[in-house]
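What follows is each chain in one-letter form.
There are 2 protein chains.
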Amino acid sequence: MKRHFDEDLDGLAARLLHMGRLTEEMIQLAVRVVVERDAALAEEVKKRESEVNELHVEIDDRALKLIALHQPAASDLRLIAAAIKINSDLERVGDQAVNIAETGLFLLKEPTMKLFDVPRMVEVAASMLKDSLEAFARKDTALAQDVIRRDDEEDRLKSQTFNELIHLMQSDASTIQRAMDVILISRNLERVADHATNIAEDVIFMVLGKDIRHKHVSV
Amino acid sequence: MKRHFDEDLDGLAARLLHMGRLTEEMIQLAVRVVVERDAALAEEVKKRESEVNELHVEIDDRALKLIALHQPAASDLRLIAAAIKINSDLERVGDQAVNIAETGLFLLKEPTMKLFDVPRMVEVAASMLKDSLEAFARKDTALAQDVIRRDDEEDRLKSQTFNELIHLMQSDASTIQRAMDVILISRNLERVADHATNIAEDVIFMVLGKDIRHKHVSV
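Chains as they are written, first to last, in my numbering: chain A, 82 to 300; chain B, 82 to 300.
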């Protein structure tokens, strides 16, 4: 019984990490729609979205069955609860990627647009997401804390990009439509970083059994 | 033991509904910062945020203890899992209210600005949130379905507001800064409606044990 439980728990974690890798790919592909001006990549994002949506349902189902069949104790139960929450966050990361790809398709119809700090925002958000899942896999609270710290950098980049785009729109009204699109994309990336932060907080709760949410000040 | 469990389950639901009412109030107060141009109301939003954050931690804690102490069967377990997810959504609704209040404070420093369909967006989002929690309390799947349907109306209002604001910015560059602020607020309200939709989907899963997520097409 115990061995069976451990196998099921490993299976749950493995599926969640697979879902995490898919959402990372989706973000990278979605931003390439914009940077490489390649509409075909938006299709690749959509394809992965179906798979992510199926995983979303499957992982919740696995988690509830695990609780119902076995009677997990404190730390195992915290792992399963963390998996349920991380599952929701990853599904929403996938939604953000779809939004970026869709906005990207609009941008392709406009003249080339300066992206300001968006490429740097992608790097930060994608690395935060990757490391939050690595922290989950390794039960590494130090790495999770590091992810949480990096969210401030992402917020700073977003504010800077936002101000530069407002300035551009004010000085040249012909850029308004496409500047708005870049603002939307930078907000999508900020939200990906927020989801990575949520995941990192869930990892710390899972490992330490201590709730650190709302204990640090966010900008 | 059974009676004790039922009392704990009722307590969990009661705290969640209390949290829901607080977040509804926060949204209404935050929008009044903008409509009534009253900065003091932003303080009221912040006060309630602290309480919501405390409830967020408390409700997760109650839910995990319920699972660990009792061994809930299928439908009770689904209720507890739904509570954990609704808890996350409500906490994020609170965040959206804080964002609206903060953007509202910026808008107060600018000349009065036309709000287009924002007041209607508030009505739709607030009623969706209220009804999604009512559906949870009454285990009412018909009401939950109705909430899900209304999300299309909110998306339509957001797109319309968005297009009108872009047009305004293009015709009068002096409005760019404050038009951007109204766009951000309309996106916050759209996200509140998304959270209400998530809650409604969780209610349907809780009652029917059937996962309807990703089965309906959203615009």
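Be careful, since some hints might not be right.
The list treats identical chains as one, so a pair stands whether inside a single copy or across any two.
Capping the alpha-carbon separation at 27 angstroms, the derived lysine-lysine pairs in DSS-like fashion look like this [unchecked claim]: (1) K220 x K146; (2) K128 x K190; (3) K128 x K220; (4) K146 x K291; (5) K127 x K291.
None of these hints come from the bench; they were simulated from the model.
Against the structure, the hints:
no.: 1; hint: K220 x K146; result: both (23 angstroms within a copy, 22 angstroms between copies)
no.: 2; hint: K128 x K190; result: within (23 angstroms within a copy, 45 angstroms between copies)
no.: 3; hint: K128 x K220; result: neither (31 angstroms within a copy, 35 angstroms between copies)
no.: 4; hint: K146 x K291; result: both (25 angstroms within a copy, 14 angstroms between copies)
no.: 5; hint: K127 x K291; result: between (37 angstroms within a copy, 24 angstroms between copies)
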